Every structure is written in C-alpha cells, then in structure tokens.
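Residue 1 is where the sequence shown starts when you use my numbering, and the numbers rise one by one after that.
Honestly, the hints are just simulated from the structure, not real lab data. Remember, predicted model here, so these are calculated numbers, not experimental data. The beta carbon of each residue, even a glycine, is placed where N, CA and C say it ideally should be. Do not rely on the hints blindly, as some may be mistaken.
[Said to hold, decoys possible] Label-pair distances were calculated between CB atoms; the ranges are:
1. Arg-61 - Gly-24: 35 to 43 Å
2. Leu-26 - Tyr-64: 45 to 53 Å
3. Leu-65 - Phe-43: 27 to 35 Å
4. Ala-23 - Ala-54: 29 to 37 Å
5. Ile-59 - Pro-21: 48 to 56 Å
6. Pro-21 - Glu-60: 50 to 58 Å
7. Leu-22 - Gly-51: 32 to 40 Å
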Amino acid sequence: MSNLKQKGVTSYALSPNRQRPLAGALNAAVFNTFRRTKAQILFWAIPGVLGYSAMQWAIERNEYLNSKAGIAEFGGDNE
1 MSNLKQKGVT
11 SYALSPNRQR
21 PLAGALNAAV
31 FNTFRRTKAQ
41 ILFWAIPGVL
51 GYSAMQWAIE
61 RNEYLNSKAG
71 IAEFGGDNE
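Working from the sequences, and respecting the hints, build out all of it.
Pasting the structure below:
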C-alpha cells in the first residue's frame with residue numbers, strides 16, 4: 001500500500017538557496033565595503049583634505065582682514 005501513488009496529495013520543497021537567500025550577505029557587505037573603500041580612498045581623501053585646508057585658511061584670512069588689526073594693515077583708506 002505504501003508504494004501506491006495517492007491522488008490529490010502534492011508535496012512541495014524549497015532549495016537551500018530559497019530558504020536562506022541572504023545567508024552571509026551582511027558579512028560579505030562589510031568586507032566588500034572595506035575593500036572598495038580601501039581601493040578608492042586616495043581619490044576622495046586627498047582632495048577632501050586639500051579642500052578642508054584651503055577653506056580653513058580662507059576663513060582665518062577673512063576673520064583677520066575683517067579684524068581691527070587687518071583693517072589697520074590693509075584697509076587704512078578710511079582714516
């Protein structure tokens with residue numbers, strides 16, 4: 001009796017890939033992000049540092065030129 005097929009009975013199964021589709025994805029994402037960042041860091045870090053340095057210099061220069069000492073040194077036309 002166990003060898004006979006039964007009518008109307010359907011069984012389904014899932015493959016291991018369907019059961020855990022994101023298995024190891026977080027671990028792979030961390031290491032892949034690190035690898036890609038390491039490969040690209042010189043392309044954005046150097047211009048970023050140079051831009052930040054230039055901006056800091058410009059802010060300090062502007063504050064000096066608009067201070068009392070800066071006006072006395074460079075803008076003494078009003079006196």
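Checked hints:
Take Arg-61 and Gly-24: their Cβ atoms lie about 52 Å apart, and the range 35 to 43 Å is violated. Taking 45 to 53 Å as the suggested C-beta distance range, the pair Leu-26 and Tyr-64 conforms, at roughly 50 Å. In this structure, Leu-65 and Phe-43 meet the distance hint of 27 to 35 Å, their C-beta atoms being roughly 34 Å apart. At about 47 Å, the CB distance of Ala-23 to Ala-54 disagrees with the hint of 29 to 37 Å.
Range check, Ile-59 to Pro-21: Cβ separation about 51 Å, and the 48 to 56 Å hint holds. Checked against the hint of 50 to 58 Å, the pair Pro-21 and Glu-60 passes, with Cβ atoms roughly 54 Å apart. The hinted range of 32 to 40 Å is satisfied by Leu-22 and Gly-51, whose Cβ atoms lie roughly 38 Å apart.
Violated hints, listed in ascending order, are 1, 4; each of the other numbered hints is respected by the structure.
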